[in-house]
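J.: Listed here are the chains, written in short residue letters.
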Amino acid sequence: MSGWRRLDRRTLGSTAAGSAGVAVSAGVPVVAGAGTAALAWVLAGGALLIGGAVLADFVRWRHTRFRCTAERLEIEFAFVAHRRKSLPRERIRSVDLTAHPLHRAFGIAVLSIGTGQHETPGQGRITLSPLARADAGALRTELLHREPAEPAAGGPLATLDPRWIRYAPVSFAAPALGLGAFGALLNVSEWFGARNGVLNWLLRLFGELPLALGILLLLVLAVAAGAVGAAGLFAEMWWNHRLDREPGGTLRVRRGLLTTRSITIEERRLRGVELVEPLGIRLSGAARVDAVATGVRQRDDDEKADYKTLLPPAPRRVALDVAAQVLREPVLDRVRLRPHPRAARGRRLRWALLAVLALVLVLAVLGALLADVLLALAGLVALPVAVVLALDAYRGLGHGLGGRYLVTRSGSVRRSTVALARDGVIGWTVKQSVFQRRRGLATFTATTAAGSGAYAIRDAAADEGLAFAEAAVPGLLAPFAGGSVPAEASRT
Amino acid sequence: MSAGTVPLRPPRHALDRRAITWWRCQWALVFAPTAFVLALLGLLIPPAAAWLLGPAAAVALAGVAWCAVLPRWWFGLHRWEVTDTAVYSRSGYVWQEWRVAPLSRVQTVDTLRGPLQQRFGLATVTVTTASARGAVKLRGLDARLAADVAEQLTERTEATPGDAT
Numbered sequence: 031m032s033g034w035r036r037l038d039r040r041t042l043g044s045t046a047a048g049s050a051g052v053a054v055s056a057g058v059p060v061v062a063g064a065g066t067a068a069l070a071w072v073l074a075g076g077a078l079l080i081g082g083a084v085l086a087d088f089v090r091w092r093h094t095r096f097r098c099t100a101e102r103l104e105i106e107f108a109f110v111a112h113r114r115k116s117l118p119r120e121r122i123r124s125v126d127l128t129a130h131p132l133h134r135a136f137g138i139a140v141l142s143i144g145t146g147q148h149e150t151p152g153q154g155r156i157t158l159s160p161l162a163r164a165d166a167g168a169l170r171t172e173l174l175h176r177e178p179a180e181p182a183a184g185g186p187l188a189t190l191d192p193r194w195i196r197y198a199p200v201s202f203a204a205p206a207l208g209l210g211a212f213g214a215l216l217n218v219s220e221w222f223g224a225r226n227g228v229l230n231w232l233l234r235l236f237g238e239l240p241l242a243l244g245i246l247l248l249l250v251l252a253v254a255a256g257a258v259g260a261a262g263l264f265a266e267m268w269w270n271h272r273l274d275r276e277p278g279g280t281l282r283v284r285r286g287l288l289t290t291r292s293i294t295i296e297e298r299r300l301r302g303v304e305l306v307e308p309l310g311i312r313l314s315g316a317a318r319v320d321a322v323a324t325g326v327r328q329r330d331d332d333e334k335a336d337y338k339t340l341l342p343p344a345p346r347r348v349a350l351d352v353a354a355q356v357l358r359e360p361v362l363d364r365v366r367l368r369p370h371p372r373a374a375r376g377r378r379l380r381w382a383l384l385a386v387l388a389l390v391l392v393l394a395v396l397g398a399l400l401a402d403v404l405l406a407l408a409g410l411v412a413l414p415v416a417v418v419l420a421l422d423a424y425r426g427l428g429h430g431l432g433g434r435y436l437v438t439r440s441g442s443v444r445r446s447t448v449a450l451a452r453d454g455v456i457g458w459t460v461k462q463s464v465f466q467r468r469r470g471l472a473t474f475t476a477t478t479a480a481g482s483g484a485y486a487i488r489d490a491a492a493d494e495g496l497a498f499a500e501a502a503v504p505g506l507l508a509p510f511a512g513g514s515v516p517a518e519a520s521r522t
Numbered sequence: 618m619s620a621g622t623v624p625l626r627p628p629r630h631a632l633d634r635r636a637i638t639w640w641r642c643q644w645a646l647v648f649a650p651t652a653f654v655l656a657l658l659g660l661l662i663p664p665a666a667a668w669l670l671g672p673a674a675a676v677a678l679a680g681v682a683w684c685a686v687l688p689r690w691w692f693g694l695h696r697w698e699v700t701d702t703a704v705y706s707r708s709g710y711v712w713q714e715w716r717v718a719p720l721s722r723v724q725t726v727d728t729l730r731g732p733l734q735q736r737f738g739l740a741t742v743t744v745t746t747a748s749a750r751g752a753v754k755l756r757g758l759d760a761r762l763a764a765d766v767a768e769q770l771t772e773r774t775e776a777t778p779g780d781a782t
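First to last, the sequence lines map onto chains B and R. Under this note's numbering, think of the first position of the first sequence as 31, with each following residue one higher. Under this note's numbering, think of the first position of the second sequence as 618, with each following residue one higher.
Just so you know, these hints were derived from the structure itself, not from any lab. Just to be clear, a hint being listed does not mean it is correct.
[What the hints assert, rightly or not] Here chain R is said to cover these stretches of chain B; the calculated rule only asks that three of the stretch's residues, wherever they fall, bring their Cβ under 8 Å from a Cβ of chain R:
(1) 337-343
(2) 448-459
(3) 465-477
(4) 489-496
[As the list claims (entries may be wrong)] Here are the computed distance ranges between Cβ atoms for each label pair:
(5) R:Leu729 with B:Phe465: 29 to 39 Å
(6) R:Leu729 with B:Leu248: 53 to 63 Å
(7) R:Trp690 with B:Phe465: 14 to 24 Å
(8) B:Phe465 with R:Ala645: 30 to 40 Å
(9) R:Thr700 with B:Gly409: 51 to 61 Å
(10) R:Arg736 with B:Asp363: 57 to 67 Å
(11) B:Asp363 with R:Thr702: 27 to 37 Å
(12) B:Ser116 with R:Thr702: 30 to 40 Å
(13) B:Arg90 with R:Thr743: 49 to 59 Å
(14) R:Trp690 with B:Arg468: 31 to 41 Å
(15) B:Leu389 with R:Thr743: 53 to 63 Å
[What the hints assert, rightly or not] Residues of chain R clear of chain B, computed beta-carbon distances all greater than 12 Å:
(16) Val623
(17) Thr638
(18) Arg641
(19) Trp644
(20) Leu646
(21) Phe648
(22) Ala656
(23) Ala673
(24) Ala677
(25) Ala685
(26) Tyr705
(27) Gly709
(28) Tyr710
(29) Val723
(30) Gly751
All C-beta atoms in this analysis are idealised placements derived from N, C-alpha and C, irrespective of residue type, glycine included.
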């Protein structure tokens, strides 16, 4: 496969169908609003839109070619200007496949190739959009493994259990989706000039009920809509999820109901895993597994898809098993985390009280009339919640060493347990505020090229934390330990 | 040193003494225009003179005190060191911070000289690693010394194989 090749011509069909969809969804509200008089204009506009999109896509398709030689992958676009991108093949770190519903209807997929070096969206990537589905799969294997791969031995590391969808409604997305559904209802009704009708209908419906019951009903409706929406989103993102270890030393995540995605992470780039437990998901006994890897696309601008998530919210036991298999060591099960000094609990309680105090002040300023009720509400609801969260946050704090990894855990609303490869630590930052100094605490942050760039051990004992940091990455901090002030020497 | 502090020793070198004057100039450039504008308005608008000249004097006094006391104190807080294996810096008081980056993981070494720094013959050396959050900044070094340090660091970095991640 070394000659110049073209993209798949079915892109024209998919573009035509896509722009037709846009034309219809923009045209229908106009026709519904302005009546059939506007029909001719709308039809003409639609035809122009579709024609223009297909023509542009045709030019792109006609003048784009790519080839894959033994050393390089090259893509060339020569129309008026001449543009050529070229990637050395040994620098290719990830090859991702994406196919949205239209692509799937036409049997094509988009191949996106990354080098993993300081990646910002749109830079350092080559996108082949689109290829025939079979070609895309073959090219992916060729680019990553340099030889056709046989199916991975031992089956997938994880596959989706449809029952996990029960964790979707407890995520933070649910309430937002509920509100969104209400907004969308009003928006759509406005297209048809029926917004006031809908509002009146809602008011009549609730007017007959007592106010409290009405609010309660609305809340229940919003929560229900949110739960359904979250479940739908979960299904769209994670349906057919499957995590494989491939013989070429890569991890592959495949998932998606309507839009299918295939994401590859080179194990050489893997520096650890993060077990993420947002509050609702943690309370229902589940956890998510993210990869901590260098050169993974953090987030695309246009897509909400997370490229680093290896396992969607799943029962904690399953998540721990997957983490252990990905790391090839049961690190998170085995490591006993050392709790942090009690002074850290005091800090969290004080933060909680300050937050409640700030809330009370804001409420008192906003509504002097209602102040008594609001103060009571804040005292009775916000204070216990804040204190419970603070105590929970303290209980969550911990750090420990296990084999090749250092483990740190923190957070209450979003509890995160990170297992970070010790040889992936490329520096330490020790930070100590005046208040921490008084109580003998400090925050030790391991910097790394992977994931978010730094993982912190919050509020550890100052001396024990330093000893731990030194033990985790021998030789890095040792030359600087000890309290004595060295003499001002000549600088070399 | 109080009992609760992290048992790390201070880095070996202080900044260049001229850094004190540099900081003073920086902060003078913050305080002086404010005081000047207030005083000018106070002179131009006689009815409001008391309301404007008072604050102008207060700002000026605060600025003088700030510039007289704090930079000297900061000078003692900021220290740095380059060993055979690592870059090490310390800074801050309210949030004291120690940063260590091993030379084997250094990716780039930048030297920066702002207009004020050039005036005082100073420079800032920024040592970045592959981590987005692991850079070590040495602010207020003598310019020639900074160039030497940067060169020395670059040499050592080039001698290390791999992509330092």
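J.: Are the hints correct? Go through all of them and say.
T.: Each hint tested on the structure:
1. 337-343: Since 0 is below three, the answer is violated.
2. 448-459: Satisfied; 5 residues make the cut.
3. 465-477: holds (count 9)
4. 489-496: Coverage by chain R holds for the region 489-496 of chain B (4 residues, Cβ < 8 Å).
5. R:Leu729 with B:Phe465: 29 to 39 Å: holds, 33 Å
6. R:Leu729 with B:Leu248: 53 to 63 Å: At roughly 57 Å between Cβ atoms, Leu248 of chain B and Leu729 of chain R fall inside 53 to 63 Å, so the hint holds.
7. R:Trp690 with B:Phe465: 14 to 24 Å: holds, 19 Å
8. B:Phe465 with R:Ala645: 30 to 40 Å: holds, 31 Å
9. R:Thr700 with B:Gly409: 51 to 61 Å: holds, 55 Å
10. R:Arg736 with B:Asp363: 57 to 67 Å: This hint holds: roughly 60 Å between Cβ atoms.
11. B:Asp363 with R:Thr702: 27 to 37 Å: holds, 35 Å
12. B:Ser116 with R:Thr702: 30 to 40 Å: Distance hint for Ser116 of chain B, Thr702 of chain R holds at roughly 38 Å.
13. B:Arg90 with R:Thr743: 49 to 59 Å: About 41 Å separates the Cβ atoms of Arg90 of chain B and Thr743 of chain R, which means 49 to 59 Å is violated.
14. R:Trp690 with B:Arg468: 31 to 41 Å: violated, 19 Å
15. B:Leu389 with R:Thr743: 53 to 63 Å: violated, 40 Å
16. Val623: Its Cβ does come within 12 Å of chain B, the nearest being 5 Å, so this is violated.
17. Thr638: With a cut-off of 12 Å, Thr638 of chain R remains clear of chain B, as the shortest Cβ separation is near 20 Å.
18. Arg641: Holds, because the least Cβ-Cβ distance between Arg641 of chain R and chain B comes to about 23 Å, which exceeds 12 Å.
19. Trp644: Holds, since 22 Å exceeds 12 Å.
20. Leu646: holds, 28 Å
21. Phe648: holds, 25 Å
22. Ala656: Answer for Ala656 of chain R: holds, closest chain B Cβ roughly 35 Å.
23. Ala673: holds, 32 Å
24. Ala677: holds, 29 Å
25. Ala685: Since the minimum Cβ distance to chain B is about 23 Å, Ala685 of chain R lies beyond 12 Å and the statement holds.
26. Tyr705: violated, 5 Å
27. Gly709: violated, 8 Å
28. Tyr710: About 7 Å separates Tyr710 of chain R from the closest Cβ of chain B, which leaves it inside 12 Å; violated.
29. Val723: violated, 9 Å
30. Gly751: Since the minimum Cβ distance to chain B is about 3 Å, Gly751 of chain R lies within 12 Å and the statement is violated.
Consistency note: the structure conflicts with the earlier hints numbered 1, 13, 14, 15, 16, 26, 27, 28, 29, 30.
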